[in-house]
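When you get a sec, could you build the whole thing from the sequences and use the hints?
Chains as they are written, first to last, in my numbering: chain Z, 1 to 643; chain P, 644 to 892.
Careful: at least some of the hints might be erroneous.
As the list claims (entries may be wrong) - Mimicking DSSO-like on lysine-lysine, the simulated pairs with C-alpha atoms at most 30 Å apart in a straight line are:
#1 K361(Z) x K385(Z)
#2 K692(P) x K561(Z)
#3 K494(Z) x K692(P)
#4 K473(Z) x K501(Z)
#5 K692(P) x K510(Z)
#6 K494(Z) x K790(P)
#7 K510(Z) x K659(P)
#8 K659(P) x K385(Z)
#9 K501(Z) x K790(P)
#10 K790(P) x K26(Z)
#11 K486(Z) x K874(P)
#12 K8(Z) x K473(Z)
#13 K874(P) x K509(Z)
#14 K885(P) x K501(Z)
#15 K622(Z) x K561(Z)
#16 K385(Z) x K654(P)
#17 K874(P) x K561(Z)
#18 K645(P) x K509(Z)
#19 K627(Z) x K254(Z)
#20 K654(P) x K509(Z)
#21 K654(P) x K501(Z)
#22 K627(Z) x K8(Z)
#23 K692(P) x K790(P)
#24 K530(Z) x K473(Z)
#25 K659(P) x K361(Z)
#26 K494(Z) x K254(Z)
#27 K617(Z) x K510(Z)
#28 K254(Z) x K617(Z)
#29 K643(Z) x K361(Z)
#30 K622(Z) x K8(Z)
#31 K636(Z) x K17(Z)
#32 K878(P) x K561(Z)
Simulated from the structure, these hints should not be mistaken for laboratory data.
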Amino acid sequence: MAFQLDPKIPSGPLEEKWTKHRFDMKLVNPANKRKFRIIVIGSGLAGGAAAASLGELGYNVDCFCFQDSSRRAHSIAAQGGINAAKNYPNDGDSIWRLFYDTIKGGDYRAREANVYRLAEVSNNIIDQCVAQGVPFAREYGGLLDNRSFGGAQVSRTFYARGQTGQQLLLGAYQSLQRQVARGSVTMHVRSEMLDVVVVDGHARGIIVRNLITGEITRHAGDAVLICSGGYGNVFYLSTNAMGSNVTAAMRAHKRGAGFANPCFTQIHPTCIPVSSEHQSKLTLMSESLRNDGRVWVPKKAGDNRAPNDIPEDERDYYLERRYPSFGNLVPRDVASRAAKERCDAGFGVGATKLAVYLDFKDAIERLGEDVIRARYGNLFQMYEKITAENPYKVPMRIFPAVHYTMGGLWVDYNLMTTVPGLFALGEANFSDHGANRLGASALMQGLADGYFVAPYTVGDYLARHGSLQAKDKVKTDHPAFDEAEKGVRDRLQKLMSIQGKQSVDSFHKKLGLLLWNHCGMGRTREGLEKALSEIPRLREEFWQDVRIPGEANEFNPELEKAGRVAEFFDFAETMCLDALNREESCGGHFREEHQTEEGEALRHDDEFAYAAVWEYKGEGQKPDLSKEKLEFENVKLTTRSYK
Amino acid sequence: MKITLHVWRQKNATSKGGMETYVVDGVSADMSFLEMLDMLNEQLIAEGKEPIAFDHDCREGICGTCSLMINGVAHGPDSGTTTCQLHMRSFQDGDAIHIEPWRSRAFPVIRDLVVDRSAFDRIIQAGGFISINAGGAQDANNLPIPKPDSDAAMDAAACIGCGACVASCPNGSAMLFVAAKIGHLAHLPQGQPERAMRARNMVAQMDAEGFGACSNHYECEAVCPKEIPVKFIAKMNRDFMKASLCSES
Ligand SMILES: Cc1cc2nc3c(=O)[nH]c(=O)nc-3n(C[C@H](O)[C@H](O)[C@H](O)COP(=O)(O)OP(=O)(O)OC[C@H]3O[C@@H](n4cnc5c(N)ncnc54)[C@H](O)[C@@H]3O)c2cc1C
Ligand code: FES
Numbered sequence: 001m002a003f004q005l006d007p008k009i010p011s012g013p014l015e016e017k018w019t020k021h022r023f024d025m026k027l028v029n030p031a032n033k034r035k036f037r038i039i040v041i042g043s044g045l046a047g048g049a050a051a052a053s054l055g056e057l058g059y060n061v062d063c064f065c066f067q068d069s070s071r072r073a074h075s076i077a078a079q080g081g082i083n084a085a086k087n088y089p090n091d092g093d094s095i096w097r098l099f100y101d102t103i104k105g106g107d108y109r110a111r112e113a114n115v116y117r118l119a120e121v122s123n124n125i126i127d128q129c130v131a132q133g134v135p136f137a138r139e140y141g142g143l144l145d146n147r148s149f150g151g152a153q154v155s156r157t158f159y160a161r162g163q164t165g166q167q168l169l170l171g172a173y174q175s176l177q178r179q180v181a182r183g184s185v186t187m188h189v190r191s192e193m194l195d196v197v198v199v200d201g202h203a204r205g206i207i208v209r210n211l212i213t214g215e216i217t218r219h220a221g222d223a224v225l226i227c228s229g230g231y232g233n234v235f236y237l238s239t240n241a242m243g244s245n246v247t248a249a250m251r252a253h254k255r256g257a258g259f260a261n262p263c264f265t266q267i268h269p270t271c272i273p274v275s276s277e278h279q280s281k282l283t284l285m286s287e288s289l290r291n292d293g294r295v296w297v298p299k300k301a302g303d304n305r306a307p308n309d310i311p312e313d314e315r316d317y318y319l320e321r322r323y324p325s326f327g328n329l330v331p332r333d334v335a336s337r338a339a340k341e342r343c344d345a346g347f348g349v350g351a352t353k354l355a356v357y358l359d360f361k362d363a364i365e366r367l368g369e370d371v372i373r374a375r376y377g378n379l380f381q382m383y384e385k386i387t388a389e390n391p392y393k394v395p396m397r398i399f400p401a402v403h404y405t406m407g408g409l410w411v412d413y414n415l416m417t418t419v420p421g422l423f424a425l426g427e428a429n430f431s432d433h434g435a436n437r438l439g440a441s442a443l444m445q446g447l448a449d450g451y452f453v454a455p456y457t458v459g460d461y462l463a464r465h466g467s468l469q470a471k472d473k474v475k476t477d478h479p480a481f482d483e484a485e486k487g488v489r490d491r492l493q494k495l496m497s498i499q500g501k502q503s504v505d506s507f508h509k510k511l512g513l514l515l516w517n518h519c520g521m522g523r524t525r526e527g528l529e530k531a532l533s534e535i536p537r538l539r540e541e542f543w544q545d546v547r548i549p550g551e552a553n554e555f556n557p558e559l560e561k562a563g564r565v566a567e568f569f570d571f572a573e574t575m576c577l578d579a580l581n582r583e584e585s586c587g588g589h590f591r592e593e594h595q596t597e598e599g600e601a602l603r604h605d606d607e608f609a610y611a612a613v614w615e616y617k618g619e620g621q622k623p624d625l626s627k628e629k630l631e632f633e634n635v636k637l638t639t640r641s642y643k
Numbered sequence: 644m645k646i647t648l649h650v651w652r653q654k655n656a657t658s659k660g661g662m663e664t665y666v667v668d669g670v671s672a673d674m675s676f677l678e679m680l681d682m683l684n685e686q687l688i689a690e691g692k693e694p695i696a697f698d699h700d701c702r703e704g705i706c707g708t709c710s711l712m713i714n715g716v717a718h719g720p721d722s723g724t725t726t727c728q729l730h731m732r733s734f735q736d737g738d739a740i741h742i743e744p745w746r747s748r749a750f751p752v753i754r755d756l757v758v759d760r761s762a763f764d765r766i767i768q769a770g771g772f773i774s775i776n777a778g779g780a781q782d783a784n785n786l787p788i789p790k791p792d793s794d795a796a797m798d799a800a801a802c803i804g805c806g807a808c809v810a811s812c813p814n815g816s817a818m819l820f821v822a823a824k825i826g827h828l829a830h831l832p833q834g835q836p837e838r839a840m841r842a843r844n845m846v847a848q849m850d851a852e853g854f855g856a857c858s859n860h861y862e863c864e865a866v867c868p869k870e871i872p873v874k875f876i877a878k879m880n881r882d883f884m885k886a887s888l889c890s891e892s
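Below is the structure:
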């Protein structure tokens with residue numbers, strides 16, 4: 001049975017939808033809020049902001065994260081900045097323009113109403129963060145500074161040196177800790193959610209493993225919020241943290257939540273290239289660098305001269321050449337593909353030839369080294385630590401890497417999944433970025449969802465479906481908890497009992513490489529079919545031959561990783577299937593069969609202007625596809641052009 | 644490169660630990676320090692032994708999860724660097740390296756090189772925030788903040804909460820961590836209303852957690868991967884003194 005997908009978009013003009021909806025939503029009386037318990041999985045920008053805000057409102061909140069502190073969620077690593085439609089620079093920005101840029105940047109595969117709301121609340125986020133003490137960059141007059149980011153022609157990005165994510169997360173973390181002190185939020189660190197409990201069709205709890213002791217616990221609640229981040233680590237090498245995973249989203253999916261557009265993954269153009277097979281992760285060089293850095297390769301294929309020995313007229317500034325109006329600031333998908341194109345054609349640089357230059361020479365000559373240091377000092381330092389090269393003197397070498405995932409759990413306008421009472425926020429949902437996310441928009445979305453959307457919509461759900469009386473509440477002795485806990489224990493037991501020969505990482509690396517080759521920057525029917533036949537074979541081998549030392553009832557990082565890799569295997573199949581189904585190129589999804597003569601992505605709007613929503617049908621079974629048709633009433637679908 | 648490692652192994656919080664010796668061969672200079680440990684762990688797993696547990700997540704010097712005393716220095720020999728940013732090119736073929744967990748009464752060992760730093764969260768709970776609920780904040784530009792103030796706030800706010808300051812202090816003091824948070828908020832107008840109470844409560848919690856006192860060794864500044872200066876400690880002491888005087892009057 002396919003899903004009945006009702007996006008619940010409020011009626012009325014775009015600009016009035018959210019205001020009207022806020023009025024139409026039911027409220028929970030202040031005295032009744034403490035009668036509800038809300039479970040939040042994740043303490044990143046989305047989860048941290050949601051847990052803090054719900055706690056402030058008076059709900060009881062249980063918040064979980066796998067790190068040793070809620071301050072360490074991977075949102076901390078975001079460097080570049082956060083967008084808002086403040087128009088402080090007076091350069092023509094507006095809510096409408098931010099909405100339009102985001103829809104267009106997403107290659108017309110996102111829902112208009114959600115994106116408009118995102119643009120609308122963006123300004124409140126900046127106000128909120130400043131009030132919390134987030135030290136955004138300022139000008140000498142004391143007012144906030146802005147910079148530009150890819151895919152936009154206005155300066156709307158707020159930033160805190162190269163540590164914007166850290167500062168925003170610390171803001172949310174501090175608010176969260178304040179609620180912990182008040183007793184409204186209970187924080188469970190080093191805790192991994194391993195299943196969702198669904199009773200009578202509604203999400204009513206979760207099963208958790210304590211990562212220090214291995215203890216399995218049950219937690220009941222009136223609503224469950226999945227804020228567990230993205231699934232980029234399915235590729236093994238990515239800019240995500242080592243622990244980032246798809247487990248929570250996948251468990252929700254297996255309990256009935258539709259998974260939307262899993263093939264929409266973002267490959268970021270400016271990362272430090274892979275140097276060896278021992279590489280464990282990739283490091284992003286913020287997109288903001290493209291404000292002042294110029295991307296080039298030698299005009300002659302296989303030119304082995306040192307970059308500074310290559311004269312100006314023998315350099316190909318290919319982004320400026322191909323896209324004169326946006327130049328080095330084209331959106332990420334376009335910049336990544338252009339780099340791949342040059343490297344495939346033999347113009348790559350460095351030892352592996354899988355890199356292009358990002359050069360600051362002109363900017364340093366124009367502005368001076370001090371200005372560049374003030375803008376990007378910590379990024380330059382990070383680059384030098386990893387590569388032992390000084391980017392003030394030698395151009396950086398960069399190459400695209402997996403960075404962000406636009407796909408995620410399908411949610412309606414209220415951020416609720418196809419399972420009532422189960423919500424998804426932040427990178428874990430699919431809602432706002434379509435097929436490609438613009439820079440500085442993920443932080444905005446995570447905080448919008450957490451501070452300004454979920455506190456209303458979760459309340460509306462509770463007012464309509466929650467029970468106020470303790471006797472009517474689902475308790476942890478309900479048979480659904482027995483069943484879910486048994487499933488979790490059996491699975492851990494099965495993993496521990498394999499005692500094979502190969503390490504968890506070796507499987508993860510094989511899976512990652514397979515996906516990078518066939519479901520990465522360029523995808524073909526043939527490659528995807530190959531991946532789809534290889535994944536089950538590799539998964540089978542994993543379940544026969546993985547070796548996990550130690551015990552299940554102790555601190556056991558290998559067991560943690562094994563559980564995550566097992567979910568990645570199941571997820572990888574759906575991702576490839578989705579990529580195979582989508583016979584078009586759009587945003588981060590580039591099917592080589594569908595391109596223009598100039599090598600640009602070719603969309604097929606009449607066939608594919610929909611969100612592909614997959615329904616889990618059991619292990620090894622093909623998932624069912626449902627479609628949410630995307631209606632564009634306010635923007636005209638055009639071919640994205642950054643020329 | 645061939646490296647000899649002497650590593651602290653401890654099964655759990657209650658068991659007694661000890662140093663064990665391992666040899667890793669084929670280490671390349673471009674590997675990160677943690678990738679070298681990954682390699683050793685792969686080797687141990689292949690030999691049927693238990694891998695070494697260590698904390699890490701972002702592997703790019705920002706989350707504050709990684710720790711490790713490397714040859715007696717928190718985060719190893721390079722200054723302004725976390726363990727995960729350290730590369731093997733900082734060592735030489737044939738080197739012997741000693742690796743131990745953070746050592747402090749307030750950071751009990753969980754396993755091998757992993758310690759419990761939840762005391763830091765409790766210090767923040769005591770007052771390391773500005774009391775503002777979501778919604779209702781005024782326009783962000785209504786209150787200009789002089790750039791030097793905002794830059795100073797950012798210098799302090801760069802703290803990643805790793806705990807290197809505590810691990811390197813002969814007294815196991817958390818002064819630099821606490822001073823960084825107090826300094827961050829004290830440099831901003833939004834942080835003023837709760838300034839005195841914040842300093843008093845956070846310092847009280849720090850003492851309650853069993854962190855030692857500061858006797859001006861400044862080892863913390865030397866190892867801080869974010870190079871947070873000890874001048875914030877002096878500023879915090881002033882705030883704390885003022886707060887104590889006010890509360891007595
Ligand atoms: C290097 C880097 C730089 C970036 N720079 C920018 C930028 O400049 N601007 C921008 O807008 N965006 C940027 N992004 C994207 C942005 O940072 C993320 O999309 C966003 O922070 C995600 O926030 P989140 O709250 O959804 O998830 P996260 O911050 O990833 O948080 C996930 C949380 O879920 C928890 N969790 C996960 N699984 C489980 C489980 N099973 N059980 C319990 N807990 C679990 C984790 O512990 C964590 O607390 C960047 C991303 C990266 C990787
Ligand atoms: S692992 Fe994040 S700072 Fe080292």
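The hints, checked one at a time:
{"no.": "1", "hint": "K361(Z) x K385(Z)", "result": "holds (20 Å)"}
{"no.": "2", "hint": "K692(P) x K561(Z)", "result": "holds (17 Å)"}
{"no.": "3", "hint": "K494(Z) x K692(P)", "result": "holds (20 Å)"}
{"no.": "4", "hint": "K473(Z) x K501(Z)", "result": "violated (46 Å)"}
{"no.": "5", "hint": "K692(P) x K510(Z)", "result": "holds (23 Å)"}
{"no.": "6", "hint": "K494(Z) x K790(P)", "result": "violated (58 Å)"}
{"no.": "7", "hint": "K510(Z) x K659(P)", "result": "violated (38 Å)"}
{"no.": "8", "hint": "K659(P) x K385(Z)", "result": "violated (36 Å)"}
{"no.": "9", "hint": "K501(Z) x K790(P)", "result": "violated (58 Å)"}
{"no.": "10", "hint": "K790(P) x K26(Z)", "result": "violated (44 Å)"}
{"no.": "11", "hint": "K486(Z) x K874(P)", "result": "violated (55 Å)"}
{"no.": "12", "hint": "K8(Z) x K473(Z)", "result": "holds (27 Å)"}
{"no.": "13", "hint": "K874(P) x K509(Z)", "result": "violated (46 Å)"}
{"no.": "14", "hint": "K885(P) x K501(Z)", "result": "violated (63 Å)"}
{"no.": "15", "hint": "K622(Z) x K561(Z)", "result": "holds (25 Å)"}
{"no.": "16", "hint": "K385(Z) x K654(P)", "result": "violated (33 Å)"}
{"no.": "17", "hint": "K874(P) x K561(Z)", "result": "violated (42 Å)"}
{"no.": "18", "hint": "K645(P) x K509(Z)", "result": "holds (25 Å)"}
{"no.": "19", "hint": "K627(Z) x K254(Z)", "result": "holds (18 Å)"}
{"no.": "20", "hint": "K654(P) x K509(Z)", "result": "holds (28 Å)"}
{"no.": "21", "hint": "K654(P) x K501(Z)", "result": "holds (23 Å)"}
{"no.": "22", "hint": "K627(Z) x K8(Z)", "result": "holds (15 Å)"}
{"no.": "23", "hint": "K692(P) x K790(P)", "result": "violated (55 Å)"}
{"no.": "24", "hint": "K530(Z) x K473(Z)", "result": "violated (48 Å)"}
{"no.": "25", "hint": "K659(P) x K361(Z)", "result": "violated (56 Å)"}
{"no.": "26", "hint": "K494(Z) x K254(Z)", "result": "holds (19 Å)"}
{"no.": "27", "hint": "K617(Z) x K510(Z)", "result": "holds (25 Å)"}
{"no.": "28", "hint": "K254(Z) x K617(Z)", "result": "holds (8 Å)"}
{"no.": "29", "hint": "K643(Z) x K361(Z)", "result": "holds (24 Å)"}
{"no.": "30", "hint": "K622(Z) x K8(Z)", "result": "holds (28 Å)"}
{"no.": "31", "hint": "K636(Z) x K17(Z)", "result": "holds (20 Å)"}
{"no.": "32", "hint": "K878(P) x K561(Z)", "result": "violated (44 Å)"}
Checked against the numbered hints above, the structure breaks hints 4, 6, 7, 8, 9, 10, 11, 13, 14, 16, 17, 23, 24, 25, 32 and satisfies the rest.
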